[in-house]
Each structure stands twice: as C-alpha cells, then as structure tokens.
Amino acid sequence: MKRWLTWLSDSSLTVLVVLGLLSLPFYKAEDLRQKFVGAHAVEPGATMALLLLTLAAAVLSVLRRDHVRANPAQLTWDDHGDRDRKIRGGLWVALLVRFVAVGYVAVSAGLILGWPDLPLAAALTASSALFAFRWANRPYAWFELAAPLALALSGVLFVGPVVLWVLAAALAVASFPRRRRVKRIELVRGWNARILRSVSAAFGDVLALLPPGRPVRLRLTDPFRFALAGVLARRSALPLAVLLALAVPVLRHVFPVVSPAWWAGLGAYLAVLPFAGGLAEVIRTAGLRRWVSPTTKTLKFAALVVLTVAAALWTAATALLGLPFVPLAVPLAAWAVVRTVTRPDVDYTAGASVDVGGLYSPVGLVVQLLRGPDLLLLGVLVLSYFHSS
Amino acid sequence: MLGRDVGRGVDEIISGTGVGVLVGDERWLFRDLDLAVPAGSCLALTGDNGSGKSTLLRCLYGLQDPTEGAVAVAGRPPDESDADFRREVSVLLDDSALFDEFTPTQHFDLLGVVEPEHGLPDVPARGLSAGQRRRLLLLGAFTKPHRVLLLDEPERAVDATGRTWLAGMITEAKAAGAAVVVASHFPPLVTAVADQVIHL
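Protein chains in written order, with my numbering: chain A, 23 to 411; chain B, 288 to 487.
No lab work stands behind these hints, which were simulated from the structure alone. It cannot be assumed that every hint is accurate.
[Stated by the list, open to error] Pairwise CB distance ranges (calculated):
no.	chain 1	residue 1	chain 2	residue 2	range
1	B	Trp-315	A	Asp-244	39 to 49 Å
2	B	Gly-311	A	Val-388	31 to 41 Å
3	B	Trp-315	A	Val-40	50 to 60 Å
4	B	His-472	A	Ala-95	21 to 31 Å
5	B	Ala-463	A	Phe-347	31 to 41 Å
6	B	Arg-374	A	Gly-60	55 to 65 Å
7	B	Thr-354	A	Val-115	19 to 29 Å
8	A	Val-385	B	Glu-313	51 to 61 Å
9	B	Thr-354	A	Leu-335	51 to 61 Å
10	B	Gly-311	A	Thr-36	14 to 24 Å
11	B	Ala-463	A	Leu-403	54 to 64 Å
[As the list claims (entries may be wrong)] Selected chain B positions facing chain A (Cβ under 8 Å, derived; list incomplete):
no.	residue
12	Asp-366
13	Ala-384
14	Glu-388
15	His-394
16	Asp-396
17	Leu-397
18	Pro-408
19	Pro-411
20	Phe-473
Using N, Cα and C, we set each Cβ at its ideal position, and we do this for glycine too.
Could you put together the complete structure from these sequences and hints?
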C-alpha cells in the first residue's frame, strides 16, 4: 500500500494529465465528435464495431498468457503451497484490467457516437471474457485465435444483431475447456519474459519486446533469404497484423475526418514492426552479427525490400476491406521500421531533462527513441495533404 | 606476473608492446606485456579466473582499448566495428551466440562457407545441448575464413572427445597459417597446441 502511495505521489502530475485526457469524452463529447467525425453522419453500428475490435484485442491479449509465471527462486525454495492459486489471481487481474479498458472504450464511444444495443453489448463482453478466461487457463492452441479474429471480422463487416447474438452464444459454448495445470518450465519462461518486459519498459527499450524467432526451413545463402527468414520466423506476430488489418478500416469508417494516410501509415508500421525482429537482433547482438558476413547497409537494404513486400500485402488487405489505398505509405512504413530497429543502443547519459507540458522528460532519450517514428510521422504528415478526407 | 618469453619475427600477425589494463583506479590487471604471434603459431593465455585472459582477448579484437601500450592485429589496430578487420579475424568470445531458430546448416549458410562435417543434428539451435551449441560456435569460428583466431576458453562445455577434436582443429588452423591466441584452463590443450604461453 505504502509503495502504491509513494508511486502515486511521485507520478501525481502524470496521473492527473492522463485522467484529464481520459475524462474528455464525459464532458466534451460533442467537441470530440466534431473533431473526429466532423460533418459526416455517424456510421450506424459504429460503437458496436469499436466494441468488437476492443473485445478482440482484449481476448488476444489475455490469450498471450502473460499471467503464467512464477519466480524461479520461489519455485526452488518455497514451492510447498498451491502455486495455481497465484496464477489464477494473475489471470483475474489480467482480465479485469483489459475489460475495464473495454468498458471505458465502449462508454466513451457510446457518448461520442451513440449507444449500441446494450443487452447485446453486455452479452458479447461477458462471453468474450468467459472465453478468454477458460482458454487462457490451458496450453496454447492455434485455433483459439479464431475467437478474437471472429470478433474483429464482425466489427469490420458491421454485421447485424442476429449474427452477433450467434457469435456471443458461440463464444459461450466454446468456453467449455477445463483448466489444465501449468508445468514449471512454462512458469519460468513466463517469469523471464516478464523480467524482460519490465526492464524494457523501465529503460524505454521497446526493441527488446519484438517477438523471438521460430524455426524456419529456408537456406540462408544470401541477404534477401536471411531477411525473408527473419520475417517468416516472426510468424507469431501474424495475429496482431491481421487484427490491425481488420481494425484500421473500421477506424477509418468510424472517424472519417482523419486522413486515410494516418491510418495506412501507422497501421502498416505497427503491423510490420514485429516482423523486423530478425534485423533488430542481428544489429544489436555482436555475437550474432559475427555469423552474418554482408555489410550492415546490405542487410538493411534486403530487410527494406522484404518488409516493403510485407507492408504491401497488409495494405492490400486493408484496401480490400475498404480503406483508401495510399501507395506511398507502404515504402514509408517499411523504411520507418528499418530505421527504428537499426537505431544504435540507447545512450542513457545523453541529454538533460526538459519540461514537456508539465512532464519532465529526458530529451536525449526521447530523441533516440523517436528514431524511426520520426520518419513515419513526418512522411504521413506530408502524405495526409494529398490524401485528405 | 607475466611470461615475456616471446619471439619476434617479421611475419608476426599479432603484436603488442607494453600492453596494460587498469581496473578501477589502481589495480593493474596486467602491465608491460609484450606479444608477438607469427603466422602458423599459437599463443596460450593461462591463469586464474579474473587474471585478465578474456580482457586481453577483448583488446586483441578491439572490443576494449588497453590503458597503456599498443597492439596490432593483422597489421592494424584492432577494431571489431571495421568490416575489413572482422573479415580477417575469427573469434569465440563470451558474447558469442547462436540464432536459436536456425539449424547448423543455416548457420554455415550465413557464413557463406561449405558446411563442414560436424555430426550435429539438423535441428534449430535451441534444440541442441550445451555441448553441441558450443561445438557449433567453435565450428563457426574455425570455418569462417581467417588469418587470426581468438578463442576464449574453447574447452568449456566440451566433452573429452570434443577436447581432442578441438586440439586437432587448432593445429589445423595453425597449419593453414593462422595466428591463434587461446585462453584456456585446460593444461592438456595448452600443451598440445601452444607455441608460447603467457601466464597472467
């Protein structure tokens, strides 16, 4: 408790700013509607579509099973009690945090865009939470991803209430699997992943969070094959890319004032970034770099070509779902991704703190962390002039 | 403290004069160290843990500058950030790593060399045992074309048969004209391959 109070006291300004921003929909709903919807008519079913997307994101996030973890020291020295109890507690917290966020988005969207069918919204939320709870208690199975993808697809297609009632019922019925106990090796793996996340967050080093590679059957005889293998090895990022491809056209429909260049550029960047983990790894790890003989410039170029193809595929999918095609967003996003993952190691001694809107920020650190996103934002800004709504 | 019985020759590929590394403000890890390793010979570094063997190897690879003195490797100051330098020097250091998702064959693809006979299973590196991973790292260092070979405790995690194989590989590298520096805690390996020994 004392720790939380200390944290609250230290971060009071940040907390106030964040709470202020989050409370905007509750007393500035009309202004926000003007800002994001403008003179356009609000798309019927817009709030329901947003709810479906946030439910999809929440379920996908819970299915990552970040709650499955235990301190190896505790497993070694203090493993006498019911270790499953702690894991269940972690899952409850994970669900609570995500579904509070879902609730906030739904209420905000309701205030700005109009209220959806509330019993249906409640049924979908409850069945999604039940599905996530039951399946996150079991070992990973690829077909569980059908649930978040079905939710997102229903959102992008703006399907009618009958289909959504069927979806809610299907999710509830599909929540039948029973809990299965977790092995020690999974708990330790989860703990290590959590430590990595904590350290990355503390040092603002998001590149360490890019997904690790999985085996891929491909001879690595030239830099392009190496780049392709790096992308294929990160296929665990595919569900996120698909979810983004489904979400972005919905956001474009719901908030038509925002230029499609922003949705296309930001979406392609976020979808493709995890696939650049191979390039990031080889640039950052000296022991791995020694295996790869081509120059860094050649590796970057090969990665740029392969990632441009990946971004083009993603953009084509969003175009099929109704997002206006912004061709230059494709190479821009790929270039920004390469620039992001090949940035030099962060120098934490660089630059002094400056006051940014009441928040003290180490400017040297911020400049380094913006390497990559800076190119993307500048490029999208230019493109948005040519692709205005 | 230091063995300084090192020969000098016109074909020395690794050389150093008065090399010293200061740790903290006043503790010299080693000092006044002269090195001369000609082509086709092997210098072994021995000594207790923390005596400076790995630090000296890092200096020879350009990962760390000596506090005093100068070293030259393959005719230039060592600089691992220089691609031309890296092309001449092959290393096995503490930070050497494997791509966990790639098989041994894929690792040799990356090096652009013909895959040597190795007997390792064709599975991703994360599926190899500690000894097999070490063997793959060693094979990578030996197989990559080089004039200089720097090995930090190559015998670690290698079984008895592997250690015999290791001595044979170092001998082959010497026969091919490489200058080898090996830090080791394994006296039979030092005896088998070393032309000079520096005890730190």
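Cross-check of the supplied hints:
1. Trp-315/B - Asp-244/A: 39 to 49 Å: holds, 47 Å
2. Gly-311/B - Val-388/A: 31 to 41 Å: Distance hint for Gly-311/B, Val-388/A holds at roughly 34 Å.
3. Trp-315/B - Val-40/A: 50 to 60 Å: holds, 53 Å
4. His-472/B - Ala-95/A: 21 to 31 Å: holds, 30 Å
5. Ala-463/B - Phe-347/A: 31 to 41 Å: violated, 57 Å
6. Arg-374/B - Gly-60/A: 55 to 65 Å: holds, 59 Å
7. Thr-354/B - Val-115/A: 19 to 29 Å: violated, 51 Å
8. Val-385/A - Glu-313/B: 51 to 61 Å: Check failed, 37 Å falls outside 51 to 61 Å.
9. Thr-354/B - Leu-335/A: 51 to 61 Å: holds, 54 Å
10. Gly-311/B - Thr-36/A: 14 to 24 Å: Hint violated: Cβ distance 39 Å, outside 14 to 24 Å.
11. Ala-463/B - Leu-403/A: 54 to 64 Å: holds, 57 Å
12. Asp-366: At about 13 Å, which exceeds the 8 Å cut-off, the nearest Cβ of chain A leaves the hint on Asp-366/B violated.
13. Ala-384: holds, 3 Å
14. Glu-388: With Cβ-Cβ at 4 Å, under 8 Å, it holds.
15. His-394: holds, 6 Å
16. Asp-396: With a closest approach of 4 Å, the Asp-396/B hint holds.
17. Leu-397: holds, 5 Å
18. Pro-408: violated, 13 Å
19. Pro-411: Given a least distance of 4 Å, the restraint on Pro-411/B holds.
20. Phe-473: Status violated, d = 22 Å.
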